[in-house]
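Chains A and B supply the protein sequences, listed in that same order.
The numbering used here applies: residue 125 is where the first sequence begins, and numbers increase by one.
The numbering used here applies: residue 52 is where the second sequence begins, and numbers increase by one.
It is possible that some hints are incorrect.
As the list claims (entries may be wrong) - Listed next, the in silico DSBU-like pairs over lysine-lysine satisfying Cα-Cα at most 30 Å (straight line): (1) A:221 <-> A:336; (2) A:556 <-> A:519; (3) B:151 <-> A:680; (4) A:556 <-> A:577; (5) B:207 <-> B:148; (6) B:207 <-> A:624; (7) B:148 <-> A:556; (8) A:599 <-> B:130; (9) A:599 <-> B:158; (10) B:231 <-> A:560; (11) A:147 <-> A:250; (12) A:405 <-> A:376; (13) A:611 <-> B:289; (14) B:202 <-> A:560; (15) A:556 <-> B:277; (16) A:599 <-> A:680; (17) A:376 <-> A:250; (18) B:239 <-> B:207; (19) A:560 <-> B:261; (20) B:202 <-> A:556; (21) A:221 <-> A:312; (22) A:635 <-> A:577; (23) A:560 <-> B:158; (24) A:680 <-> B:207.
Unchecked claim - Partial list, derived from the structure: chain A residues whose beta carbon lies under 10 Å from chain B: (25) 482; (26) 486; (27) 487; (28) 531; (29) 540; (30) 541; (31) 551; (32) 556; (33) 564; (34) 568; (35) 569; (36) 583; (37) 597; (38) 686.
The set of hints was computed from the structure by calculation and includes no laboratory data.
None of these values were measured; they are calculated from a predicted model.
Note that CB positions come from ideal geometry on N, CA and C, so glycine has one too.
So you can see what is in the structure, the chains are spelled out below.
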Amino acid sequence: MTRLAISLLILFFPGVLLSQVGKELRTQLKYHLQQIPGGDRAEFNFERAYTYFLQEQDDSTIIYSGRYLSKKDRNSQLAEFVHYFRGRSFYNKGLYKDAGGDFANISKNFPLYNLVHASQAEVLFKQGEYDTALTIYLNVLEGGDFEKNAISESSINHNAGICYMLKQDYENAEKYLLRSLDQQLKTKDTARIIGGYIDVANLYYEQYLDDKAIPNFVKAYELAYQTDDFVLRRTAALNMAVVEENRGNLEKSLAFRKEYDQWKDSTNNQEKVWEIAQIEKRHLAETKQREIGLLQKKTRLAEQEKELKAKERNTILIGAGVLLLVLVLIIYFYYQKIRSSAIIAEQRESLDKLNAFKNRLFSIVSHDLRSSVHGLRRSTEQLRDEVPSENAQLKSLVNQQGAIANATYGMLDNLLNWALLQSDEIYFHAEKISLKRLVPQVVINYQPLLDQKNISLSTDVPADGKIYADNDSVKIVLRNVLDNAIKFTPENGSLDISAKVEGNQIALRIKDSGPGMTSEQLAMVIDQSSQVSKESGEERSGTGLGVRLCASFMSKNNGSFHIESEEGAGTTVILRFEKA
Amino acid sequence: MANVRVLVIEDRPEESDVLIPSLESNGFEVAAIARDLKEAFERMHDTPFDIAIVDVYLGDTPDGIAFAESLNAQPNLSKPFVFLTSSKDRSIFDRAKLTKPFAFLLKPFNELELLYSLEMAVEKYYDDEDALESSENAAVMAEDHLFIKKKGALNKVWLKDIAYVEVDERYCTLYCDDTKYVVMKSLKQMEQLLSPHGFIRTHRKFLAQKAMIEQIILGEDTVILKGGHSIPISDSYKDITKTLNIL
């Protein structure tokens, strides 16, 4: 690895005399000049030289200084000032020999002699006379009174350090440079601090103390980056480039080198670059501003979107919640319904069972009882035949017994049929029936009763009275109607049975000559035919069941059951059948 | 003329004791009484009868239905019958109604109901609806005889005993050896019923049994029948002589 010459780097920092006429210097000059009596200060050439010096117009300073010095009536004290002016200007112009000459013409009585002395050292330094220069620097440092001489102590230390460095006396170089840096740091003069760092870094670098050197280079670079001083930035960048190249970081080195080149070019047209930089800055700022604006808009949009989404989400959530609630309610009510219908079904089932059992019980009981009563009825009939006609009382008793047996039998028969009908266990077969043949089969059973009450019966059922019905159910209806009619027909009354074709129906009328019924009574009877009435009196209970049974059977036969009655005009029951 | 013979199948004497007098007082002849299914089958084969009255329950089982079913199943033994039952319970009827003809008598019954059920059985069996509706002069044609209702009672008249039939308006008079029966049927109806049994028309108003013809005197337009009956023969029916081998 080849170590590039660090001397390439700007070491010189001739801040003492050169570059600028410092504030301190101006103050000191003004003060010391005022100490010189007489109006010589107003002399044209001196005044010009002084003014141009302050304005740092080196050429004009040299011209007017020369004119003043060539004058014979010049003030010797002022002449020494002028020598200083010209020496400095020469120095600035790089005319170190002439500068040295001028500085040599200044006596030790000159109020700012140390400054002049330091300037001499500076000139010597420029001329490569490092040893001599170093001696003078050290003298100046020993002399003190830096402020009065408008000397920057740090600069002297620095220059001394450089001298040592060039002499390769690194130990002393480090001592002075660090001292200088220390002092520079106090001045808060960025340019100087950077210079300090660079020099210290160079010092270490020269000694291959890279670990110590690089942080200083980096510090210098970083500080330089904060300034607008292109020279400094260029220098710092170049240093970094060299350092990185030596470290093998070619990529970084190249970047720094480019930066260096950029600054080198920039140095030539700083103004333009600065403007461009400004424009760029502005552009950058605008771009940034726009980006920020865009970002803000985006953010706003995103926020709005977020808000919208949140709203949407809330709506959905609320909707879902409502739906869920509805669902839960539906399930709840459905469950309730199922439960209640299950209960109802269960109750209904048990009721049906109970009812079926009741009907079964009814049919068994009434069937068996009916058989017994039938036996009783039959034996009563036999008994009646056996009773001697002369024993009227016994005959009457037997007749009475027979009547009771008949009534009971009829009731049981109704009960049985009712039970069978209710349980739908009755055999029901509709067929063509001749009323002419059927009516007598029923009437014959009532002949004894009719004879007993001396009721005259007329039957007018023509052969065309053919109906479509269930044979036995018609007989049951007819039995009930006749039972009732005979019951309410007084002795010697009459009973008319007649059938008549009425359209597609056959009407069978059973008319009695009984007392008839009031409309209230009739309404009650009709009411019994349509519903179960538990309040009906005991004496009518048989009738109630009979009427209901009649109505049920008639409707099952697709017929109808009607009662017409008028008080005092008898009752007519009309059975209407489907015509066959 | 003969009585209608009834086969009674009834396990309980108290029931048959009521039934039999009713039948007899109405001109029926009880062919036999069977107390159980075995007896019923025996009587079915060894006793001629015209109608059967069958109690559904013989004992505790509905054997009456089984009997009716087997009666139905044998064409040469098949006869009209009536079921006797004390209950209209559907469970019994559902099976019983499958037998033909289906007529039933519900206990307790009166005489009219008994007669009606027998008439229904005959009407249905011989497929002659309402033929016995009238209490007088009603008739139903059976295999080799006629059921004739006279004074409300069913009688049986053998076809082989009928010499000739004479029509008078809506009535027909059947002449047997010693008796005559009036039935409420037209001659045309009678001709339809009797011609398959060897009866021929001799006159617009007369129908004669070929087997009974003894002599045809064409000159006098007269046909002499067994039993001394003589009936007219008209010209339009004289060609019947060709079908007779007598002359």
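We went through each hint and held it up to the structure:
A threshold of 30 Å between alpha carbons decides the hint, and for residue 221 of chain A with residue 336 of chain A the separation of about 38 Å lies outside it, so the pair is violated. In summary, the hint linking residue 556 of chain A to residue 519 of chain A is not supported, as the alpha carbons are separated by about 43 Å, beyond the 30 Å threshold. Of the supplied pair hints, the one linking residue 151 of chain B and residue 680 of chain A holds, its CA atoms being roughly 25 Å apart against a limit of 30 Å. Between residue 556 of chain A and residue 577 of chain A, the direct Cα distance comes to roughly 34 Å. Violation of the 30 Å bound is thereby established for this hinted pair.
Taking the CA atoms of residue 207 of chain B and residue 148 of chain B, the gap is about 27 Å. The hint holds against a cut of 30 Å. Distance check on the hinted pair: residue 207 of chain B and residue 624 of chain A sit about 35 Å apart at the alpha-carbon level, beyond 30 Å; violated. Between the alpha carbons of residue 148 of chain B and residue 556 of chain A the distance comes to roughly 16 Å, so the proposed pair stays at or under 30 Å and holds. Proximity of residue 599 of chain A to residue 130 of chain B is assessed by CA-CA distance (about 27 Å); at most 30 Å being required, the pair is judged to hold.
Pair hint residue 599 of chain A plus residue 158 of chain B holds up; C-alpha atoms about 13 Å apart against a cutoff of 30 Å. For the proposed pair residue 231 of chain B and residue 560 of chain A, the alpha carbon gap of about 27 Å is at most 30 Å, so the pair holds. For the given pair, residue 147 of chain A sits about 24 Å from residue 250 of chain A by alpha-carbon distance, which is consistent with the 30 Å threshold. Annotation: proposed proximity of residue 405 of chain A to residue 376 of chain A holds, straight-line Cα distance about 25 Å (limit 30 Å).
Distance restraint check for residue 611 of chain A and residue 289 of chain B: the Cα-Cα separation of roughly 68 Å exceeds the 30 Å cut-off, and the hinted pair is therefore not satisfied. Straight-line distance between C-alpha atoms of residue 202 of chain B and residue 560 of chain A comes to about 16 Å, which keeps the hinted pair within the 30 Å bound. Of the supplied pair hints, the one linking residue 556 of chain A and residue 277 of chain B is violated, its CA atoms being roughly 43 Å apart against a limit of 30 Å. Using a Cα cut-off of 30 Å, the hinted pair residue 599 of chain A and residue 680 of chain A holds, with the two alpha carbons roughly 14 Å apart.
Note on residue 376 of chain A and residue 250 of chain A: the hinted pairing is violated, with a Cα-Cα distance of about 34 Å set against a maximum of 30 Å. Distance check on the hinted pair: residue 239 of chain B and residue 207 of chain B sit about 21 Å apart at the alpha-carbon level, within 30 Å; holds. Straight-line distance between C-alpha atoms of residue 560 of chain A and residue 261 of chain B comes to about 39 Å, which puts the hinted pair past the 30 Å bound. A threshold of 30 Å between alpha carbons decides the hint, and for residue 202 of chain B with residue 556 of chain A the separation of about 24 Å falls inside it, so the pair holds.
For the proposed pair residue 221 of chain A and residue 312 of chain A, the alpha carbon gap of about 34 Å is over 30 Å, so the pair is violated. As the CA atoms of residue 635 of chain A and residue 577 of chain A are separated by approximately 16 Å, the hinted pair is consistent with the 30 Å bound. Straight-line distance between C-alpha atoms of residue 560 of chain A and residue 158 of chain B comes to about 21 Å, which keeps the hinted pair within the 30 Å bound. For the hint linking residue 680 of chain A to residue 207 of chain B, the alpha-carbon distance of about 39 Å lies beyond 30 Å, and the restraint is violated.
Checking residue 482 of chain A against chain B by beta carbon gives a least distance of about 16 Å; that is not within 10 Å, so the hint is violated. Checking residue 486 of chain A against chain B by beta carbon gives a least distance of about 13 Å; that is not within 10 Å, so the hint is violated. Because the smallest distance between the Cβ of residue 487 of chain A and any Cβ of chain B comes to about 8 Å, under 10 Å, the interface hint for this residue holds. For the restraint placing residue 531 of chain A at the interface with chain B, the shortest Cβ-Cβ distance is roughly 15 Å, beyond the 10 Å limit, so the hint is violated.
Satisfaction of the interface hint for residue 540 of chain A is found here, the shortest Cβ-Cβ separation to chain B being roughly 8 Å, below the 10 Å cut-off. The interface hint given for residue 541 of chain A holds, since its Cβ lies 8 Å from the closest Cβ of chain B, which is under the 10 Å cut-off. The interface hint given for residue 551 of chain A holds, since its Cβ lies 4 Å from the closest Cβ of chain B, which is under the 10 Å cut-off. The criterion of a C-beta within 10 Å of any C-beta in chain B is met by residue 556 of chain A, whose closest approach is roughly 7 Å, and the hint holds.
For residue 564 of chain A, the suggested interface contact is upheld, since its CB lies about 6 Å from the closest CB of chain B, less than 10 Å. Satisfaction of the interface hint for residue 568 of chain A is found here, the shortest Cβ-Cβ separation to chain B being roughly 5 Å, below the 10 Å cut-off. Taking 10 Å as the C-beta contact cut-off toward chain B, the hint placing residue 569 of chain A at the interface holds, the least distance being around 6 Å. Interface hint at residue 583 of chain A: violated, since its Cβ lies 13 Å from the closest Cβ of chain B, which is beyond the 10 Å cut-off.
A hinted interface residue such as residue 597 of chain A counts as satisfied when its beta carbon comes closer than 10 Å to some beta carbon of chain B; here the least separation is about 9 Å, so the hint holds. Checking residue 686 of chain A against chain B: minimum C-beta separation of about 26 Å lies over 10 Å; hint violated.
Taken one by one, the earlier hints fail for this structure at numbers 1, 2, 4, 6, 13, 15, 17, 19, 21, 24, 25, 26, 28, 36, 38, listed in ascending order.
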